[in-house]
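Visitor: Chains as they are written, first to last, in my numbering: chain A, 1 to 113; chain B, 1 to 171.
Errors might be hidden in some of the hints.
To be verified - Listed below are the simulated PhoX-like cross-link pairs for lysine-lysine, each with C-alpha atoms no more than 25 Å apart in a straight line:
no.	chain 1	residue 1	chain 2	residue 2
1	A	112	A	39
2	A	39	B	122
3	B	24	B	122
4	B	122	A	112
5	B	87	A	112
As the list claims (entries may be wrong) - Now the in silico label distances, taken between C-beta atoms and shown as ranges:
no.	chain 1	residue 1	chain 2	residue 2	range
6	A	68	B	95	35 to 41 Å
7	B	150	A	102	28 to 34 Å
8	A	99	B	132	40 to 46 Å
9	A	110	B	133	49 to 55 Å
10	A	102	B	129	26 to 32 Å
11	B	102	A	96	22 to 28 Å
12	A	99	B	147	30 to 36 Å
13	A	96	B	142	41 to 47 Å
14	A	102	B	70	15 to 21 Å
15	A	92	B	22	22 to 28 Å
16	B	22	A	108	18 to 24 Å
17	A	96	B	115	17 to 23 Å
18	B	150	A	22	32 to 38 Å
Hints are computed from structural coordinates only; laboratory data are not their basis.
The C-beta atom is built at its ideal place from N, Cα and C for all residues, glycine as well.
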Amino acid sequence: MSPLPLATLSGSFAVTLNAYLYLAAVLFAVGFFGVLLRKNTLVIYMCLELMLVASTVALVAFSRYNGVLDGDVFVFFILTVAAAEVAVGLAIIVALFRRRQTVQVEELNALKN
Amino acid sequence: MSDLLFHLFALLVVACALGVVFNKNAVASALCFLLSLVGVAGLFVLLDAFLLAVLLVLVYAGAVVALFLFIIMLLDMQGGDRKRFTKSTILSSTVAAGLLVTGLVSFATHGLVETADPATVKIVGSSLRAYAEQLFTVYLLPVQIVGFLLLIAMLGVIVLSKKFEGLEDVK
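Full structure from sequences and hints, please.
Guide: Set out below in structure tokens:
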């Protein structure tokens with residue numbers, strides 16, 4: 001069964017698994033940097049999502065280069081959980097904004113002292 | 001050909017990720033995030049995971065980024081950050097990112113993974129049938145649990161965004 005003619009697209013590629021892992025690591029690092037640097041809760045949240053996407057890139061690459069499906073199925077679950085997580089997280093941010101009129105993390109210090 | 005495409009998509013992904021981090025405007029950040037996700041979907045196509053590429057675009061680019069944009073415009077934060085970063089913020093995030101880069105370099109020098117030539121590996125992730133078989137045999141319990149998780153998340157969001165009468169808000 002040949003699913004799609006597109007599958008021949010990657011017939012002879014020289015890109016190694018390590019290249020994908022580098023990319024995933026760099027993407028994860030950029031997301032992590034954003035989480036530490038930014039003060040807007042929404043942008044921090046976007047950077048967290050970026051880190052999640054970086055992990056999915058690594059999983060799909062591992063799955064492809066080892067000829068197994070488990071990594072792909074795991075990414076399937078990650079996508080589902082991420083969608084639920086974003087919905088809940090943004091609802092929390094909206095509730096927070098409603099109460100405190102701000103989403104800047106340096107002003108959200110109610111637990112300080 | 002796909003070598004070139006990999007570099008193109010990788011560049012797009014990383015550049016747009018940097019755009020998410022360094023844009024002052026939250027809306028521009030969200031649009032950079034969208035472009036970055038499109039690049040990741042392209043990488044998934046290069047890895048023969050067509051279903052995941054489509055799902056990524058549908059779920060992330062379609063639903064998640066739309067939700068982000070909706071919330072950003074709803075909250076109306078006058079263009080993102082207003083205060084400058086303090087020195088300690090810049091220092092600590094640079095140190096942390098430096099540690100990550102060190103980890104990356106050590107991975108490059110010591111942790112390279114030996115893999116077979118992808119042309120010789122059987123492509124399993126490109127057929128929808130394989131996913132269906134896995135999801136409804138081996139991963140049936142996780143599918144059920146994820147279904148409940150989505151239900152709980154939906155209920156949680158409703159509870160979080162509803163205003164309850166008679167409850168005193170703690171300021």
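Visitor: Residue 150 (chain B) and residue 102 (chain A), beta-carbon distance inside 28 to 34 Å?
Guide: 30 Å, holds
Visitor: Please check whether residue 99 (chain A) and residue 147 (chain B) have a Cβ separation lying inside 30 to 36 Å.
Guide: Given range 30 to 36 Å: holds, Cβ gap about 32 Å.
Visitor: Taking the beta carbons of residue 110 (chain A) and residue 133 (chain B), is their distance inside 49 to 55 Å?
Guide: Roughly 50 Å apart at Cβ, these two residues keep to the hinted range, so it holds.
Visitor: Below or equal to 25 Å on CA atoms is what counts here, so check residue 39 (chain A) against residue 122 (chain B).
Guide: 46 Å, violated
Visitor: Does the alpha-carbon distance linking residue 24 (chain B) and residue 122 (chain B) stay inside the 25 Å limit?
Guide: 45 Å, violated
Visitor: Residue 87 (chain B) and residue 112 (chain A): Cα distance at most 25 Å?
Guide: Roughly 20 Å separates the two Cα atoms, so the pair holds.
Visitor: Quick one, are residue 112 (chain A) and residue 39 (chain A) close enough, alpha carbons at most 25 Å?
Guide: Within the cut-off at roughly 17 Å; holds.
Visitor: Can you tell me whether the CB distance of residue 102 (chain B) to residue 96 (chain A) sits inside 22 to 28 Å?
Guide: 35 Å, violated
Visitor: Starting from the hint 40 to 46 Å, judge whether the C-beta atoms of residue 99 (chain A) and residue 132 (chain B) obey it.
Guide: 45 Å, holds
Visitor: State, for the Cβ atoms of residue 92 (chain A) and residue 22 (chain B), whether the hinted interval 22 to 28 Å holds or is violated.
Guide: Hint holds: Cβ distance 25 Å, inside 22 to 28 Å.
Visitor: Evaluate the given range 17 to 23 Å for the C-beta pair formed by residue 96 (chain A) and residue 115 (chain B).
Guide: 45 Å, violated
Visitor: Taking 15 to 21 Å as the hint, is the beta-carbon distance of residue 102 (chain A) and residue 70 (chain B) inside that range?
Guide: Cβ of residue 102 (chain A) to Cβ of residue 70 (chain B): about 19 Å, so the range 15 to 21 Å holds.
Consistency with the previously given hints fails for numbers 2, 3, 4, 10, 11, 13, 17, ordered from lowest to highest.
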